[in-house]
Amino acid sequence: AQSVTQPDIHITVSEGASLELRCNYSYGATPYLFWYVQSPGQGLQLLLKYFSGDTLVQGIKGFEAEFKRSQSSFNLRKPSVHWSDAAEYFCAVGGNAGGTSYGKLTFGQGTILTVHP
Amino acid sequence: ETGVTQSPTHLIKTRGQQVTLRCSSQSGHNTVSWYQQALGQGPQFIFQYYREEENGRGNFPPRFSGLQFPNYSSELNVNALELDDSALYLCASSSPREGNGELFFGEGSRLTVL
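For the record, the sequence lines run as chains A and B. So for the first sequence, this note's numbering puts the first residue at 1; every next one is plus one. So for the second sequence, this note's numbering puts the first residue at 1; every next one is plus one.
What the hints contain is simulated information worked out from the structure, not anything from laboratory work. All C-beta atoms, glycine included, are put in the ideal place defined by N, C-alpha and C. Careful: at least some of the hints might be erroneous.
Said to hold, decoys possible - Cβ pair distances, simulated, as ranges:
#1 E54(B) x E66(A): 34 to 42 Å
#2 Q41(B) x S72(A): 16 to 24 Å
#3 A80(B) x S72(A): 36 to 44 Å
#4 Q17(B) x R69(A): 45 to 53 Å
#5 Q42(A) x Q18(B): 21 to 29 Å
#6 Q71(A) x P62(B): 37 to 45 Å
#7 A1(A) x E53(B): 37 to 45 Å
#8 T5(A) x S27(B): 34 to 42 Å
#9 G40(B) x R77(A): 21 to 29 Å
#10 N77(B) x Q71(A): 17 to 25 Å
#11 G28(B) x T55(A): 41 to 49 Å
#12 Q41(B) x G28(A): 21 to 29 Å
Build the full structure now, drawing on both the sequences and the hints.
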C-alpha cells in the first residue's frame, strides 16, 4: 500500500530564511511525486511534480524538490521564504493508472508553514 | 479556459440526510477524481470517473457514490450522512493527454453534518 509521511506538522520560519519541508513515501513501483499548497479555505495548487528524469525538480514560486530513491524522500525547499508562502503544504504520491490519468493520489497529513516578519 | 468549479461552496445537513455535490471539470478534461479532506488532515481519495465509469475507488463505503456525465461534469452523492462526513470535498479534473494527467483541483465544497 502506498503511504506518505510528513514528519513536521507545523514549521515556523522568519521571512528571508531558507525552508525545507520533509516528505517520505512508500510505494511499490516507480512513484509519481507531488507537492501541493493550500491556503485557508482554498483548494490545492500544484507546486511541482516528479515523474522521471532529473531528480531535482523546479516548481512555481521559487520552490524546488529533490527525489532521493535510496531514502524514499521528496523534500521541498526554498532558499528564501516570503510572507506570502504561509500556507499548508501537502506531499502526495501516485502512479500511472495504465493509460488513464494518475488514478489515486495518497497525500500526507500536511505541514503548516508560519512565516514571521 | 475555465478551471474546475464546485457547488455548493458550503452546506449544512443533519445526520441521516443525503447530499449531492457537483463538479464541472476543466475544459477538455475527461477524468474527474473526488477527495475528502477532514479538518487537519490531508485529502483522501474517494473515487475517480473516466468516460462516465468509475475507475478506481478508495476506502469509502457504498453510501458514497458518483456519476459522470457526457460533458465530463460529475456528482458526488452521500447517503445516510454521519457526523464524520463533515469535511471539505475536493474535485479534481485531469486529462491523460495533458501533462501526464496532472490533477487540477477546485476550491471544494465544505459539508457540515449536525
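Hints, one by one, checked against the model:
1. E54(B) x E66(A): 34 to 42 Å: holds, 36 Å
2. Q41(B) x S72(A): 16 to 24 Å: holds, 22 Å
3. A80(B) x S72(A): 36 to 44 Å: Distance hint for A80(B), S72(A) holds at roughly 39 Å.
4. Q17(B) x R69(A): 45 to 53 Å: holds, 47 Å
5. Q42(A) x Q18(B): 21 to 29 Å: holds, 27 Å
6. Q71(A) x P62(B): 37 to 45 Å: This hint holds: roughly 39 Å between Cβ atoms.
7. A1(A) x E53(B): 37 to 45 Å: For E53(B) against A1(A), whose Cβ atoms are near 24 Å apart, the range 37 to 45 Å is violated.
8. T5(A) x S27(B): 34 to 42 Å: Given about 36 Å between the Cβ atoms, the range holds.
9. G40(B) x R77(A): 21 to 29 Å: holds, 25 Å
10. N77(B) x Q71(A): 17 to 25 Å: violated, 42 Å
11. G28(B) x T55(A): 41 to 49 Å: The hinted range 41 to 49 Å is violated for G28(B) and T55(A), with Cβ atoms some 31 Å apart.
12. Q41(B) x G28(A): 21 to 29 Å: holds, 23 Å
When each numbered hint is compared with the structure, violations occur for hints 7, 10, 11.
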